[in-house]
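S.K.: Here's the letter readout for the chains.
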Amino acid sequence: MDFLNAIVALANYVIVPGMAYGAQLALGALGVTLIYGILRFSNFAHGDTMAFGTAMTIIITNGLLALGITFGPLPTALLALPFGIIATCLLVLGTDKLVYRFYRQQKAAPVILVIVSMGVMFIMNGIVRFTIGVRDIRFTDGERFIISVRTFKEMTGLKEGLAIKTTQGITVVVAIIVVACLFWFLNKTRTGKSMRAFSDNEDLALLSGINPEKVVMVTWMLVAALATTAGVLYGLDKSFKAFTYFQLLLPIFASAIVGGLGNPLGAIAGGFVIAFSEVTITYAFKKVLGYLLPENLEPSSLVQLLSTDYKFAVSFAILIIVLLFKPTGLFKGQSV
Amino acid sequence: MTLTYRNVFLVLFVASLYILEGATDFWIFSGSWDSSLKMLNFALVGAIMALGVNLQWGFAGLFNIGIMGFVALGGLAAVLIAMPTTPGAWQAGGWQIMAGLALGAVTIVSAVMLLRWLPKGRMRTLMTFALLVLGFFAFRAVFDAGVANVEAINPAATGYLGGLNWGGENYKDYGWLTIVAWPVGGVFAAGAAWVIGKTALGLRSDYLAIATLGIAEIIIAVMKNEDWLARGVKNVNGLPRPVPYEIDLQNDPGFIEKATSFGLDPISASTLYTKMGYVVLFAIVLVILVWLAQRALNSPWGRMMRAIRDNETAAEAMGKDVTARHLQIFILGSAIVGIAGAMMTTLDSQLTPTSYQPLRFTFLIWVMVIVGGSGNNFGAVLGGFLVWWLWVMVEPLGQWIAEVTTSGFPVDHWFRIRMEDAAAHFRLFTMGLVLLLVLRFSPRGLMPER
Numbered sequence: 001m002d003f004l005n006a007i008v009a010l011a012n013y014v015i016v017p018g019m020a021y022g023a024q025l026a027l028g029a030l031g032v033t034l035i036y037g038i039l040r041f042s043n044f045a046h047g048d049t050m051a052f053g054t055a056m057t058i059i060i061t062n063g064l065l066a067l068g069i070t071f072g073p074l075p076t077a078l079l080a081l082p083f084g085i086i087a088t089c090l091l092v093l094g095t096d097k098l099v100y101r102f103y104r105q106q107k108a109a110p111v112i113l114v115i116v117s118m119g120v121m122f123i124m125n126g127i128v129r130f131t132i133g134v135r136d137i138r139f140t141d142g143e144r145f146i147i148s149v150r151t152f153k154e155m156t157g158l159k160e161g162l163a164i165k166t167t168q169g170i171t172v173v174v175a176i177i178v179v180a181c182l183f184w185f186l187n188k189t190r191t192g193k194s195m196r197a198f199s200d201n202e203d204l205a206l207l208s209g210i211n212p213e214k215v216v217m218v219t220w221m222l223v224a225a226l227a228t229t230a231g232v233l234y235g236l237d238k239s240f241k242a243f244t245y246f247q248l249l250l251p252i253f254a255s256a257i258v259g260g261l262g263n264p265l266g267a268i269a270g271g272f273v274i275a276f277s278e279v280t281i282t283y284a285f286k287k288v289l290g291y292l293l294p295e296n297l298e299p300s301s302l303v304q305l306l307s308t309d310y311k312f313a314v315s316f317a318i319l320i321i322v323l324l325f326k327p328t329g330l331f332k333g334q335s336v
Numbered sequence: 001m002t003l004t005y006r007n008v009f010l011v012l013f014v015a016s017l018y019i020l021e022g023a024t025d026f027w028i029f030s031g032s033w034d035s036s037l038k039m040l041n042f043a044l045v046g047a048i049m050a051l052g053v054n055l056q057w058g059f060a061g062l063f064n065i066g067i068m069g070f071v072a073l074g075g076l077a078a079v080l081i082a083m084p085t086t087p088g089a090w091q092a093g094g095w096q097i098m099a100g101l102a103l104g105a106v107t108i109v110s111a112v113m114l115l116r117w118l119p120k121g122r123m124r125t126l127m128t129f130a131l132l133v134l135g136f137f138a139f140r141a142v143f144d145a146g147v148a149n150v151e152a153i154n155p156a157a158t159g160y161l162g163g164l165n166w167g168g169e170n171y172k173d174y175g176w177l178t179i180v181a182w183p184v185g186g187v188f189a190a191g192a193a194w195v196i197g198k199t200a201l202g203l204r205s206d207y208l209a210i211a212t213l214g215i216a217e218i219i220i221a222v223m224k225n226e227d228w229l230a231r232g233v234k235n236v237n238g239l240p241r242p243v244p245y246e247i248d249l250q251n252d253p254g255f256i257e258k259a260t261s262f263g264l265d266p267i268s269a270s271t272l273y274t275k276m277g278y279v280v281l282f283a284i285v286l287v288i289l290v291w292l293a294q295r296a297l298n299s300p301w302g303r304m305m306r307a308i309r310d311n312e313t314a315a316e317a318m319g320k321d322v323t324a325r326h327l328q329i330f331i332l333g334s335a336i337v338g339i340a341g342a343m344m345t346t347l348d349s350q351l352t353p354t355s356y357q358p359l360r361f362t363f364l365i366w367v368m369v370i371v372g373g374s375g376n377n378f379g380a381v382l383g384g385f386l387v388w389w390l391w392v393m394v395e396p397l398g399q400w401i402a403e404v405t406t407s408g409f410p411v412d413h414w415f416r417i418r419m420e421d422a423a424a425h426f427r428l429f430t431m432g433l434v435l436l437l438v439l440r441f442s443p444r445g446l447m448p449e450r
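Note that the protein sequences, when read in sequence, are chains A and B.
Once you know that position 222 of the first sequence is 222 in the working numbering, the rest is easy, because the numbers rise by one and skip nothing.
Once you know that position 75 of the second sequence is 75 in the working numbering, the rest is easy, because the numbers rise by one and skip nothing.
One or more of the hints may lead you astray.
Claimed, not checked - Chain A is nowhere near these chain B residues, computed Cβ spacing over 10 Å in every case:
#: 1; residue: Ile28
#: 2; residue: Phe262
#: 3; residue: Ser407
As the list claims (entries may be wrong) - Each computed EDC-like pair below joins lysine to aspartate or glutamate, with the alpha-carbon atoms no more than 16 Å apart:
#: 4; chain 1: A; residue 1: Lys311; chain 2: B; residue 2: Glu226
#: 5; chain 1: A; residue 1: Lys107; chain 2: A; residue 2: Asp96
#: 6; chain 1: B; residue 1: Lys224; chain 2: A; residue 2: Asp309
#: 7; chain 1: A; residue 1: Lys107; chain 2: A; residue 2: Asp203
#: 8; chain 1: A; residue 1: Lys214; chain 2: A; residue 2: Glu202
#: 9; chain 1: B; residue 1: Lys38; chain 2: B; residue 2: Glu246
Derived by calculation from the structure, the hints in this document are not laboratory data.
All values reported here derive from a predicted model rather than from experimental measurement.
By construction, the Cβ of each residue, glycine as well, lies at the ideal position given by its N, Cα and C atoms.
With these hints in hand, go ahead and build the complete structure from the sequences.
M.R.: Structure representation (structure tokens):
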């Protein structure tokens, strides 16, 4: 019984939140990795693209709610998500046309594009602040829990409870759907194949008559969709605040690099690696060990390896270790 | 020759921006010399930071976006040098904390040694891992007890080890110690830069950028959490000042006499006097650093650096040690940023770890360098002054724009409320716009590299 209790406690505090956070990071990292693969630079504006998409979705959600439209037990934001994606698509395509295309035609060095993306980051941050402000916004509605602690305890009779929030369930389900669609698109469709060809070898792809502008456009649209979805899922799970999204940039980059920049599969793996290490290393294992160990060995301290404020430190420690020992990431990424 | 005319014009233009702020209350200017001098102080610090970044980016092409971390380390140095030692803290647990840290350092060094000496294989991995885990728990055991003891000492006021100031109660009499802290801040930053450079400089530019970004966050996280070091988020207030306190000046009959002879009332004269004091101190540092950087740029060493930047392979083929030179300039540039960080904490008289935001301390400095002209020391300094002016003045400018665009609307019209609300968020947008415009239409900056 104690063993089961320990597993449930672990699931409640580590596995379930880790899965949800990992899925969010994976979606974010997929966006970063796609841009890196096709446009060949690290996009520092990605966090703020996510914030923009989420802000748009929140505004549309509020509009829907004002019209009296809800999504039953599911959050209304899911209904608003497609519109948020369209708005973000327009923004990133506009940015590409106004800003990035010039440097692409000039064949500017990747580092110049990174600096340019810093400027775009500032501007997008400003736009988000203009449109929705800097407040902390919660926009979850509908059913709060799939399983609440009490129902779980009643069902199983265990001392420990397991709660699965609706948002956590939705995060994982939506992430699976999105990733499945993305991989189907990349592997089966003509456009997807031309994107992969472009990513593998630009010159060869150009020689085979692939239109680079079209590839870039499709990439930005995919990135907008991924970023908005990731941002909305994160916001549903926690809350929306423009500045948190900027900070998410760090673990997202860590995920993309740990998995191997430019490799979509790696981005997903990297997202979960980073999420689980962050959650595990900053979790206090006192409860779990209390169930597992005999009574006289029960730990007196919290058995927390690092305080939760160091969670960024964890993702970066992993990042540095991976970069030093396996510079192309866990899955083979690109290195230019 | 036209280029020099242009430079003179630019310098005069930027100077006039600051003079206008002090002299007139026309348009967005406040007409207060106090606000102008305050802005000038921060601009001087910003210009020094920009100089450091220019050394790394303009001379050597190193993409460092962890500037915030070095600034914070400089600030930490100001606290550790200039604040009074907390009585009894070292006996209570200070030495134990040091022992814990030493234990941690020994663990890491021996792990590195194991990795070097043992033959590659599963055995090596296992042993290193075991050593690290054991070392970590030993470190936590020694370290945590010491930390708990130190943080228990009067947590509302101190609860940290304190600095090296031996003045005790009268620690504010030793204000010159803060000036000593400036080079120490540089040393702190240089030390961190050495560690970072050793691990991350071999990586290519994007990775170096992300690694430095992360390490800066880690430095801030450490400063927020390790209360024994500098009180964490409880902040350290009341750092001693290298310039006189306003209140002392106001009580000094000689000063009052001087002030009245200039036709100023003693209170505003005292604030101007202290601010002027900082301006002079900071300007001296800036001039020394610009002179050194200029000497470095025009020396054979500087030419080698630019050669490495422009073509690493060719420079390496000529027998230059690219990695060592990169490490060198990374350390030098970071040290300058650290000095500026210590100066800024001196100016604020307090250390607030939560105020270190990457947009303000990393990306803004980058805007300064890019706008001013990367590769040109004077350009970076000019960019520092110009961009800081913009950073401060964007707020009144935003309000002005809101006023002009909405003047035709009634007070409660949604557009008017919206615009007035948005005026406060104008800053980041403008910075991004300036950066993008300069990158697009004048990519070498206002004062290009010669």
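S.K.: Against each hint, give a clear statement of whether it holds in the structure.
M.R.: Hints and how they fare:
Separation of Ile28(B) from chain A is adequate, the least Cβ-Cβ distance of about 19 Å exceeding the 10 Å criterion. Listed as outside the interface, Phe262(B) is consistent with that label: its C-beta sits roughly 43 Å from the nearest C-beta of chain A, beyond the 10 Å cut-off. Consistency note on Ser407(B): stated as away from chain A, and its beta-carbon is indeed over 10 Å from all of that chain's, at 20 Å minimum. A distance of roughly 15 Å separates the Cα atoms of Lys311(A) and Glu226(B); the hinted pair therefore holds under the 16 Å criterion.
A distance of roughly 14 Å separates the Cα atoms of Lys107(A) and Asp96(A); the hinted pair therefore holds under the 16 Å criterion. At roughly 8 Å between alpha-carbon atoms, Lys224(B) and Asp309(A) fall within 16 Å of each other, so this suggested pair holds. The suggested pairing of Lys107(A) with Asp203(A) holds, with an alpha-carbon distance near 13 Å, which does not exceed 16 Å. Simply put, Lys214(A) and Glu202(A) have alpha-carbon atoms about 13 Å apart, close enough for the 16 Å limit, and the pair holds.
Taken as a hint, the Lys38(B) and Glu246(B) pair is honoured in the structure, with Cα atoms around 15 Å apart against an allowance of 16 Å.
The structure fails none of the hints (numbered hints given earlier).
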